[in-house]
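Undergrad: Listed below, chain by chain, are the residues.
Number of protein chains: 2
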Amino acid sequence: MAVLSFLLSGLLLCWAGVCAAIPDPRQREALMQQEASLQTGGRMALTEAERRLSAHLRKLKQQEMAGPQFPPAMHFFKARPLIQRSPIFSLLQRMPKGAVLHAHDFSLVGVDWLVKNVTYRPHCYVCFTQRQSVRFRFSAQKPLPQPQCSPWLLLETLRGKTDNITDLDNSLIHNLTLFTADPEAAYPNQDAVWSRFEETFLAALGLVTYTPVFKDYFYQGLQELYKDNVMYLELRALLPETYELDGSTHDMAWTLKAYQDVARQFISQHPDFLGARIIFTVHRGLNVSEVKKAVEGAMRLQKMFPEIMAGFDLVGREDSGRSLWYFREALSLPAELGVTLPYFFHAGETDWEGTEVDQNLLDALLFNTTRIGHGFALTHHPLAKELSRKRGVAVEVCPISNQVLKLVSDLRNHPAGVLMSEGHPLVVSSDDPATFGASGLSYDFYEAFVGIGGMSAHLGTLKELAINSIRYSSLSPQLKDKALALWQRKWDKFISENSP
Amino acid sequence: MAVLSFLLSGLLLCWAGVCAAIPDPRQREALMQQEASLQTGGRMALTEAERRLSAHLRKLKQQEMAGPQFPPAMHFFKARPLIQRSPIFSLLQRMPKGAVLHAHDFSLVGVDWLVKNVTYRPHCYVCFTQRQSVRFRFSAQKPLPQPQCSPWLLLETLRGKTDNITDLDNSLIHNLTLFTADPEAAYPNQDAVWSRFEETFLAALGLVTYTPVFKDYFYQGLQELYKDNVMYLELRALLPETYELDGSTHDMAWTLKAYQDVARQFISQHPDFLGARIIFTVHRGLNVSEVKKAVEGAMRLQKMFPEIMAGFDLVGREDSGRSLWYFREALSLPAELGVTLPYFFHAGETDWEGTEVDQNLLDALLFNTTRIGHGFALTHHPLAKELSRKRGVAVEVCPISNQVLKLVSDLRNHPAGVLMSEGHPLVVSSDDPATFGASGLSYDFYEAFVGIGGMSAHLGTLKELAINSIRYSSLSPQLKDKALALWQRKWDKFISENSP
Ligand SMILES: [Zn+2]
Ligand SMILES: [Zn+2]
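Same order as they appear, the protein sequences are chains A and B. Per our numbering, the very first residue in the first sequence carries number 1; after that it's consecutive. Per our numbering, the very first residue in the second sequence carries number 1; after that it's consecutive.
Looking at chain A on its own, in the form it has when it is part of the complex (with noise of 0.2 Å):
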């Protein structure tokens, strides 16, 4: 804020003595512009041509703003098709977004495709659980009975002995998201939405981890992305074992490396994609031993694939899990050995200001983290908040995430709104889309650009939070001025044929 000083001090001077408060128009206009050039984008150069379509998205801004009935103020399932009609969200799908840098390995497809595709192929068993949730298993006889779940059915007969096949395939696909047409009354508190969001895990995980639907679901997410105008993704991930038809497994290193295999297979057949790196996670449930074999686990996998592998990361809700601290035996491994693991932690994904919770952001960038998932709390951490900026430890945002997990209802107050007037390092981001009903990254770059940022958001925002997906990724430097060459060519483009 140096540049600042200047004009403060004026008005500072001017209010200790007793003289006259008649502002000062080109004073006023000063500040104005000195506070717009503070924020996202604030400094960023744009072209004649952008300026015109940064003006165009400002008109449809405010018609947006002028109707009876605002998405970003309204939960995501319901504001799902308002957005969908929306101009502005149509100018999102086009424009070039860069990267997805905090996404999770089961929510990547959206959960239409693995029922439609993935149920309707042979040997797919399913039963229902006591909580109302569905389990999968593929194998060549009937699985072993699963605890606490009716006895395995063949997905085959089962479809053959109903009626309505429609209504049991939207049956299963409730099973595996959390979309439904009454939020509220579904999931009426943080605790009921989490015990949800992991039962949709697990329905999924039986599909996804069948060998050849794993490799065809991580191909078909880079699909979804690459189709969505995504050139990149950093992948939270399990590593989990995969199975084969006849309950023989693969571990740990074949799932990192068929994560590898799909991502140069993709990027081969579409030049224009950048691939994707793997943040492996595990459940901050675990204690700390499970940890640190974990850790131990991450650096070997970073010996064994550096192309791949970008570094470490723990799971699971925050609010009920285990803290940073509490786990800083592991994670002080890789620094006593002389090996540089890069942490991607999520931090502050809570609203529980002051509790030993709140404390991983603080903990968080003292293990030296890379970026911070969500930090919805970093705005209550003025010293963190300044380790952040300071370090250019970018935090990512989820919008829809934070909304439906219930942190905050009505977007325009989601605390990333702080962190980009002030110009913080951060990017957007997309969680677990297919569990929220959303697909790519578009629908989060629409709340982020029209509820969070308001009409403070133009076109150098956009431009700066795309950029800012490259600038803070894992990835060498030499490929970041690749990507953000390409990243410019596809960006031009699309100003050109958007620009009106």
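Quick caveat, the hints were computed from the structure, so don't treat them as lab data. Certain hints may be false.
Stated by the list, open to error - For each label pair, taking beta carbons as the anchor points, the in silico distance ranges come out as:
{"no.": "1", "chain 1": "B", "residue 1": "H283", "chain 2": "A", "residue 2": "R131", "range": "24 to 34 Å"}
{"no.": "2", "chain 1": "B", "residue 1": "D481", "chain 2": "A", "residue 2": "K390", "range": "17 to 27 Å"}
{"no.": "3", "chain 1": "B", "residue 1": "P87", "chain 2": "A", "residue 2": "D191", "range": "17 to 27 Å"}
{"no.": "4", "chain 1": "B", "residue 1": "Y120", "chain 2": "A", "residue 2": "A185", "range": "52 to 62 Å"}
{"no.": "5", "chain 1": "A", "residue 1": "A30", "chain 2": "B", "residue 2": "P151", "range": "56 to 66 Å"}
{"no.": "6", "chain 1": "B", "residue 1": "K480", "chain 2": "A", "residue 2": "S90", "range": "34 to 44 Å"}
Claimed, not checked - Straight-line distance between alpha carbons at most 30 Å, and here's what the computed DSSO-like set of lysine-lysine pairs gives:
{"no.": "7", "chain 1": "A", "residue 1": "K78", "chain 2": "B", "residue 2": "K78"}
{"no.": "8", "chain 1": "A", "residue 1": "K292", "chain 2": "A", "residue 2": "K303"}
{"no.": "9", "chain 1": "A", "residue 1": "K482", "chain 2": "A", "residue 2": "K493"}
{"no.": "10", "chain 1": "A", "residue 1": "K257", "chain 2": "A", "residue 2": "K480"}
{"no.": "11", "chain 1": "A", "residue 1": "K390", "chain 2": "B", "residue 2": "K390"}
{"no.": "12", "chain 1": "B", "residue 1": "K61", "chain 2": "B", "residue 2": "K116"}
Source: prediction; values computed, not measured. We treat Cβ as the ideally placed atom computed from N, Cα and C, and that holds for glycine.
Given chain A, work out where chain B with the ligands should sit, using these hints.
TA: Okay, now just chain B with the ligands, sitting in the frame of chain A:
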């Protein structure tokens, strides 16, 4: 943040190089302490007895958080019975809270009193509007017909004919407050709640502006504050004409003098109460020349009643009203004439980021405002925030008002949480307690302490908030000293009676 430099520079140096990321527990502790010291109340020295009470409050807060329903996360109308049973609330009621610096003239007294006392006085007429509200008028004869209202009925006659007087009275109460069992259904959006809000004001108007009621009402209002351990009030007041039974009226000066007389009378009967000052307000729906006249009136009143007259403000919904900049000619008048008319502007009571309305914050500061009413959007304006901080322009935070008027649903997301974590100058206030089903200041203190402050807020926070309400009042330095000494005596008594 100068104190931080040393700690931060160490960290940054370490990060810039390849130094291992094993956090030093002492450094971590120092950073946590440092961050805690930044917040509101963070540098407040506490006695041994205060520390014991603070630890007790901390335990109570943890219990409140562990419960199945967390009041600050709920709509106040639903949370109120829970808050009333909370031992924290009961402590806050007993605590000397200092001053209410943001409250409005027609919502000072519980609406029960209006119906059960005022409407039972003789000559009270009522009519029923097309928009399902009511109007009242005291009159010797039947008043002239009110447009868009049923014929006037003498309430005494109506009550005589009614089987169920309780039902009738409850329906009158219902018209004077927003309080209702199912607020989400009753007020689906901001337009709906503001429209009903303005109706409650119009319903109360005819009762409160009847000359004999007017003085009783204000006395009763001071009584409610006094009972809630508030010792001083700055009231935003429209200074309406008051009327007599024969239809004759008194002017603005009479109204202001009535406030002064009642305040003096109240002090004489309650020597430990410090009285009230008035901030003259007009509606932001007026045009420039009308506001000019109001500003001229304010300057005149200030000369006539320097003791009670504190300054000037504009009221009404910012989102649909005119901006401060629109009124710049009128608001520059005092400075042009070399007169000091303190301003206490409502500003930033919006979540429409980057709109013209949102500009009110910076303009309030440019017009040298003494405090900022609400400042809900301030965290989106880093430059205005910096000005407000450096200039010591306190933000009047009204949590329940912001929630009921649908700026934010879960008060843990209230932007004042950011301000508190930075130790920004702020006071807690109640805005329109009667309309929101609250009374006094304790409900808003509860929301600020338990919801906005979370586990980070402690007894030092409460102490600083109470002291702030005197420090940032419009009282003269001499009166501030007197007020602080009086408050300190009350505070010491509170501590000695309540510390475990
Ligand atoms: Zn995540
Ligand atoms: Zn107000």
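Undergrad: Find the hints from earlier in the document that the structure breaks and name them by number, from lowest to highest.
TA: 1, 2, 4, 6, 12
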